[in-house]
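The primary structure of each chain is shown beneath.
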Amino acid sequence: MNEMTPVQTTLKDWESDQEVRWCPGCGDYAVLKAVQRTMPDLGVARENTVFISGIGCSSRFPYYMETYGFHTIHGRAPAVATGVKLANPDLDVWIITGDGDALSIGGNHMMHLLRRNLNTQVLLFNNEIYGLTKGQYSPTSRVGTRSPSTPFGSVDSPASPCAFALGSGARFVARGIDVHKNLPNVLKAAHAHQGAAFVEIFQNCIVYNDDVFAPFTAKPNAAANQLWLAHGEPMLFDKGTKGIALDVKTLSLNVVDVVEGDWEGAGVLVHDQTNRTIAHMLVEMTGGPVALGVLYDDPKPTFDSAVIEQNRSASEGKTPDLQKLVSQGQTWQVTKQPHPM
Amino acid sequence: MATAVHKVTSEEAAANPPPEAVVVRFAGDSGDGMQLTGGQFTLSTALTGNDLATFPDFPAEIRAPQGTLFGVSAFQINFGSTSIETAGDAPDVLIAMNPAALKVNVETLKPGGLIIADEGEFSDRNLAKAKYDANPLEDDSLAKWQLMKLNISQLTLDAVKPFGLGNKEALRCKNMWTLGLALWMFDRDRQPIIDWLKAKFARAPELAEANIAALDAGHAYGETAEIGGQVGQLSVPAASVEEGLYRTVTGAESISLGLVAGAQLAGLPMFFGGYPITPASAILHHLSRLKEYGVTTFQAEDEIAAVAAAIGGSYAGQLGVTSSSGPGIALKTEAIGLAIMTELPLVVVNSQRGGPSTGLPTKTEQSDLYQAVYGRNGDAPMPVIAARSAADCFDAAIEACRIATQYMTPVMLLTDGYIANAAEPWKVPDMSGYSPFPVRFLEEAPEGGFQPYARDEKLARPWVKPGTPGLLHRIGGIEKKAGSGNIDYSPENHQAMTDLRADKVARIAVPDQDIEIGEVGGKLAVVGWGSTFGPITQAVRRARKKGLDVSHIHIRHIWPMPKNLGELLKGYDKVLVPEMNTGQLKTLLRDQYLIDAKPLNKVSGQPFRIAEIEDAIEAALGADGK
Numbered sequence: 001m002n003e004m005t006p007v008q009t010t011l012k013d014w015e016s017d018q019e020v021r022w023c024p025g026c027g028d029y030a031v032l033k034a035v036q037r038t039m040p041d042l043g044v045a046r047e048n049t050v051f052i053s054g055i056g057c058s059s060r061f062p063y064y065m066e067t068y069g070f071h072t073i074h075g076r077a078p079a080v081a082t083g084v085k086l087a088n089p090d091l092d093v094w095i096i097t098g099d100g101d102a103l104s105i106g107g108n109h110m111m112h113l114l115r116r117n118l119n120t121q122v123l124l125f126n127n128e129i130y131g132l133t134k135g136q137y138s139p140t141s142r143v144g145t146r147s148p149s150t151p152f153g154s155v156d157s158p159a160s161p162c163a164f165a166l167g168s169g170a171r172f173v174a175r176g177i178d179v180h181k182n183l184p185n186v187l188k189a190a191h192a193h194q195g196a197a198f199v200e201i202f203q204n205c206i207v208y209n210d211d212v213f214a215p216f217t218a219k220p221n222a223a224a225n226q227l228w229l230a231h232g233e234p235m236l237f238d239k240g241t242k243g244i245a246l247d248v249k250t251l252s253l254n255v256v257d258v259v260e261g262d263w264e265g266a267g268v269l270v271h272d273q274t275n276r277t278i279a280h281m282l283v284e285m286t287g288g289p290v291a292l293g294v295l296y297d298d299p300k301p302t303f304d305s306a307v308i309e310q311n312r313s314a315s316e317g318k319t320p321d322l323q324k325l326v327s328q329g330q331t332w333q334v335t336k337q338p339h340p341m
Numbered sequence: 001m002a003t004a005v006h007k008v009t010s011e012e013a014a015a016n017p018p019p020e021a022v023v024v025r026f027a028g029d030s031g032d033g034m035q036l037t038g039g040q041f042t043l044s045t046a047l048t049g050n051d052l053a054t055f056p057d058f059p060a061e062i063r064a065p066q067g068t069l070f071g072v073s074a075f076q077i078n079f080g081s082t083s084i085e086t087a088g089d090a091p092d093v094l095i096a097m098n099p100a101a102l103k104v105n106v107e108t109l110k111p112g113g114l115i116i117a118d119e120g121e122f123s124d125r126n127l128a129k130a131k132y133d134a135n136p137l138e139d140d141s142l143a144k145w146q147l148m149k150l151n152i153s154q155l156t157l158d159a160v161k162p163f164g165l166g167n168k169e170a171l172r173c174k175n176m177w178t179l180g181l182a183l184w185m186f187d188r189d190r191q192p193i194i195d196w197l198k199a200k201f202a203r204a205p206e207l208a209e210a211n212i213a214a215l216d217a218g219h220a221y222g223e224t225a226e227i228g229g230q231v232g233q234l235s236v237p238a239a240s241v242e243e244g245l246y247r248t249v250t251g252a253e254s255i256s257l258g259l260v261a262g263a264q265l266a267g268l269p270m271f272f273g274g275y276p277i278t279p280a281s282a283i284l285h286h287l288s289r290l291k292e293y294g295v296t297t298f299q300a301e302d303e304i305a306a307v308a309a310a311i312g313g314s315y316a317g318q319l320g321v322t323s324s325s326g327p328g329i330a331l332k333t334e335a336i337g338l339a340i341m342t343e344l345p346l347v348v349v350n351s352q353r354g355g356p357s358t359g360l361p362t363k364t365e366q367s368d369l370y371q372a373v374y375g376r377n378g379d380a381p382m383p384v385i386a387a388r389s390a391a392d393c394f395d396a397a398i399e400a401c402r403i404a405t406q407y408m409t410p411v412m413l414l415t416d417g418y419i420a421n422a423a424e425p426w427k428v429p430d431m432s433g434y435s436p437f438p439v440r441f442l443e444e445a446p447e448g449g450f451q452p453y454a455r456d457e458k459l460a461r462p463w464v465k466p467g468t469p470g471l472l473h474r475i476g477g478i479e480k481k482a483g484s485g486n487i488d489y490s491p492e493n494h495q496a497m498t499d500l501r502a503d504k505v506a507r508i509a510v511p512d513q514d515i516e517i518g519e520v521g522g523k524l525a526v527v528g529w530g531s532t533f534g535p536i537t538q539a540v541r542r543a544r545k546k547g548l549d550v551s552h553i554h555i556r557h558i559w560p561m562p563k564n565l566g567e568l569l570k571g572y573d574k575v576l577v578p579e580m581n582t583g584q585l586k587t588l589l590r591d592q593y594l595i596d597a598k599p600l601n602k603v604s605g606q607p608f609r610i611a612e613i614e615d616a617i618e619a620a621l622g623a624d625g626k
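As they're listed, the protein sequences go chains C and A. Numbered per UniProt numbering, the first sequence spans residues 1 to 341. Numbered per UniProt numbering, the second sequence spans residues 1 to 626.
Just so you know, these hints were derived from the structure itself, not from any lab. Computed from a predicted structure; not experimentally measured. Watch out, some of these pointers could steer you wrong.
Okay, the calculated beta carbon distance ranges per label pair [to be verified]:
no., chain 1, residue 1, chain 2, residue 2, range
1, C, R115, A, D499, 41 to 47 Å
2, A, D430, C, Q310, 28 to 34 Å
3, C, P299, A, P276, 45 to 51 Å
4, C, K12, A, D430, 55 to 61 Å
5, C, K318, A, Q191, 38 to 44 Å
6, C, K12, A, D503, 36 to 42 Å
Keeping only pairs whose Cα atoms sit at most 20 Å apart, straight-line, the calculated SDA-like set for lysine to any residue is [to be verified]:
no., chain 1, residue 1, chain 2, residue 2
7, C, K324, A, P436
8, A, K481, A, A460
9, A, K481, C, S16
10, A, K465, C, A45
11, A, K481, C, R21
12, C, K318, A, R289
13, C, K324, A, R289
14, A, K103, A, D158
15, A, K103, A, A134
16, A, K291, C, A314
17, A, K427, C, V334
18, C, K12, A, H473
19, A, K291, C, P89
The beta carbon of each residue, even a glycine, is placed where N, CA and C say it ideally should be.
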């Protein structure tokens with residue numbers, strides 16, 4: 001995106017006239033509100049904003065945004081977005097997807113979008129279930145998930161969206177929760193990042209997978225189980241009584257107690273969002289809190305800028321001339337009399 | 001030099017009058033550089049002013065095991081002083097670089113035709129690999145042909161000795177020695193080849209010099225007294241063709257140039273999404289070098305991403321194009337449906353190959369016609385255009401761009417492996433003769449308000465680029481409400497929108513069908529499409545010379561069909577449809593016009609021979625075909 005004068009808008013400006021059709025109580029409503037609330041703060045113009053989605057409950061999202069929107073086909077939003085962004089890099093492109101859309105049918109496209117580093121925001125609504133098709137287990141469902149297609153419980157290991165993103169080469173990885181007040185801040189950080197910004201949003205499916213995230217999202221559990229990261233700040237949670245430290249013997253992250261605020265004494269790590277290794281460890285951390293906020297943010301040149309630059313430099317000093325183009329190669333002139341052999 | 005005894009009967013001689021054209025087939029191991037040799041021979045032939053057609057025939061394996069039957073790579077060229085439309089039925093000259101090349105190709109050679117064989121490669125080991133019990137160069141088995149056996153391997157080694165190459169590298173110059181001999185036989189200029197070698201080996205001048213020495217030695221071998229008797233120089237006079245500037249072009253080049261021209265005539269940059277697949281990759285290669293024409297090429301992660309990105313490109317206001325072959329088109333099919341539903345322009349090029357599944361990747365077929373016309377879920381009509389030759393690809397591609405942008409629809413452009421690879425002379429078009437068809441994006445709401453699915457007189461919806469203030473809207477693959485484009489599942493709306501999508505395509509203005517050769521009405525029409533153009537033209541021409549009442553009709557607009565086609569076909573007693581499939585256009589014609597179209601099918605991976613169609617014409621007309 002080119003630097004532009006911030007555009008003044010309000011939340012209402014970002015609401016389309018379409019009736020929102022998610023199940024009552026769905027986490028998607030909260031995400032929609034958070035996005036609509038964030039947009040005015042970004043200072044962007046609605047006409048330069050494009051929401052592109054695949055298929056699934058979350059992928060209805062573009063219809064509800066008063067922007068340009070493209071509800072594409074299952075799993076292919078990253079590929080469509082690639083064409084849109086390369087054709088017009090000035091557009092601000094948001095990709096809306098779900099766990100099945102992004103990691104199952106569209107896993108290949110997601111991997112390549114992230115490794116190429118297309119300058120877009122990816123919001124992956126993870127509800128660990130196929131909602132629109134009525135409740136089958138998804139690639140992020142935990143082992144043992146009972147569903148119409150797995151009546152005896154699922155047996156395959158789930159994918160971890162953020163580990164997938166890091167493994168694919170993503171330069172921005174963050175997490176948020178549908179109903180949490182911090183979600184707009186995560187979205188702002190994603191938007192500020194130049195390159196593919198991957199955001200996993202834990203989203204509750206009230207009908208088919210209700211409360212699957214409650215162990216860390218429910219109010220009574222939140223403090224003890226949510227680690228909100230901030231760049232340059234110590235990794236503290238549970239009202240500062242606990243922190244994350246590095247166990248050098250096992251090369252893993254451990255929960256340590258922090259007594260009377262002495263986090264340094266307890267060996268608590270300070271979050272460095274440019275540290276890829278720590279990001280991997282935060283994603284893989286088991287038994288402790290769930291790492292939330294910006295896990296990793298370390299920009300590098302984007303795919304779209306590289307393509308545009310190569311198009312420019314390869315065209316430099318060349319004048320397009322169709323007549324010349326069709327006349328290229330070894331040519332010969334035929335006159336009325338065939339020339340003698 | 002040993003020459004086999006002639007046993008050509010007078011009957012055989014009468015069946016093969018001195019040709020106005022000569023067919024030469026270069027055949028060797030897939031590592032012998034036969035495609036390169038053929039390509040360079042083609043260039044020098046074109047420069048001499050002959051009309052020509054070529055047929056590269058190579059295995060799917062990049063380097064099949066040496067000396068094997070399935071590793072044989074061949075290149076056939078037909079050139080002459082008359083109009084040439086096919087690569088020729090039977091070669092007059094076969095150049096066989098090893099026993100396997102001889103075995104695979106010799107039966108196609110005309111009786112009395114000339115075999116030039118590299119006897120240096122006819123070792124016991126190579127003979128065994130080619131499954132020869134005895135050396136055919138030494139027994140009578142090749143007696144109905146002329147045989148010239150030369151130790152090309154040794155002659156090449158001798159010629160390049162001064163350059164100090166290793167044995168293996170030195171032997172790689174064999175193809176240039178052979179080319180040199182062929183150039184002498186047909187009185188071709190060596191200079192273009194020498195220039196090309198110098199450019200190709202600019203960084204390794206000793207290789208350039210060695211190859212040139214081999215080329216010269218082959219030429220000199222022909223010129224000096226070492227070849228005697230019946231094998232002399234054949235002079236094929238230049239064809240009398242239209243005046244103008246000419247070049248050679250392959251179908252892949254011609255499609256690429258046509259797409260660039262089409263985008264320019266529409267006033268649009270082009271976004272090309274592609275994924276490597278034989279035989280379509282060459283289009284991606286060509287376009288990736290043409291950035292100054294506003295072309296962005298994107299090698300996607302798969303076929304689906306290639307088409308999806310092209311749709312994204314169109315949505316953002318460029319001309320989205322994707323290209324593949326049958327298996328890849330199958331993968332793109334769901335996305336093509338999305339382009340139909342969202343009514344965005346898109347050009348899909350299908351360079352057809354033998355199928356189903358992986359099928360015959362390097363061999364040609366026309367078996368994706370059903371796929372193009374019918375092969376999508378839902379009622380999903382889409383225009384289909386077929387190019388008939390390498391040169392014709394240029395205009396066919398422009399036509400595809402015109403329809404896509406004027407009617408807001410994906411368009412399928414069919415070519416095939418034969419057209420994609422084959423080279424032919426092309427009269428360089430005068431670009432000022434092409435009328436532009438500039439796209440007008442909708443930039444502000446019309447009177448009465450903006451409707452994303454409003455219709456113009458062609459039933460096309462407006463094209464709005466994201467970034468345009470005041471025209472915010474959403475599109476997608478769910479059924480659209482007529483006009484507003486909002487989601488609408490209601491029964492009456494789906495009926496109306498399905499009818500509308502069909503009407504839009506059915507009403508596309510395509511030129512009336514004309515007749516290639518012959519008259520309106522008569523005993524027999526031979527109806528073709530795509531790359532069967534050459535053999536059908538020649539067969540019909542020959543049949544008419546014999547006085548048979550037969551006409552040739554060749555269809556470019558497969559869907560929608562020309563408005564006059566039904567009436568035209570009903571004017572003939574019989575309709576014969578030769579196709580390189582099991583009868584797909586035949587089915588379409590029967591379905592559309594209730595006519596008794598008869599199929600003539602070939603799915604061997606090889607183009608039709610003229611004689612095959614000629615025989616079918618005679619059979620259709622019976623003894624008294626006049």
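Tested hints:
For the hinted restraint 41 to 47 Å between R115/C and D499/A, the CB-CB distance of approximately 44 Å keeps it satisfied. At about 32 Å, the CB distance of D430/A to Q310/C agrees with the hint of 28 to 34 Å. At roughly 31 Å, the beta-carbon separation of P299/C and P276/A lies outside the given 45 to 51 Å, and the hint is violated. The beta-carbon spacing between K12/C and D430/A, approximately 57 Å, falls within the hinted interval of 55 to 61 Å.
Hint check: K318/C to Q191/A, Cβ distance near 29 Å, so the stated range 38 to 44 Å is violated. With their beta carbons about 40 Å apart, K12/C and D503/A fall inside the hinted range of 36 to 42 Å. Straight-line distance between C-alpha atoms of K324/C and P436/A comes to about 18 Å, which keeps the hinted pair within the 20 Å bound. Of the pairs offered as hints, the one joining K481/A and A460/A holds, with about 15 Å between alpha carbons and a cut-off of 20 Å not exceeded.
Among the hinted pairs, K481/A with S16/C is consistent with the structure: their alpha-carbon atoms are about 16 Å apart, no more than 20 Å. Between K465/A and A45/C the CA atoms are separated by roughly 15 Å; this keeps the pair inside 20 Å, and the hint holds. Restraint check for K481/A and R21/C: the C-alpha separation of about 17 Å stays at or below 20 Å, so the hint holds. A hinted pair counts as satisfied when its Cα atoms are at most 20 Å apart, and K318/C with R289/A qualifies at roughly 12 Å.
With a C-alpha separation of about 15 Å, the suggested pair K324/C and R289/A falls inside the 20 Å cut-off, and the hint holds. A hinted pair counts as satisfied when its Cα atoms are at most 20 Å apart, and K103/A with D158/A does not qualify at roughly 27 Å. For a cut-off of 20 Å, the pair hint linking K103/A to A134/A stands: about 12 Å separates their Cα positions. Taken as a hint, the K291/A and A314/C pair is honoured in the structure, with Cα atoms around 7 Å apart against an allowance of 20 Å.
A threshold of 20 Å between alpha carbons decides the hint, and for K427/A with V334/C the separation of about 9 Å falls inside it, so the pair holds. At roughly 16 Å between alpha-carbon atoms, K12/C and H473/A fall within 20 Å of each other, so this suggested pair holds. At roughly 17 Å between alpha-carbon atoms, K291/A and P89/C fall within 20 Å of each other, so this suggested pair holds.
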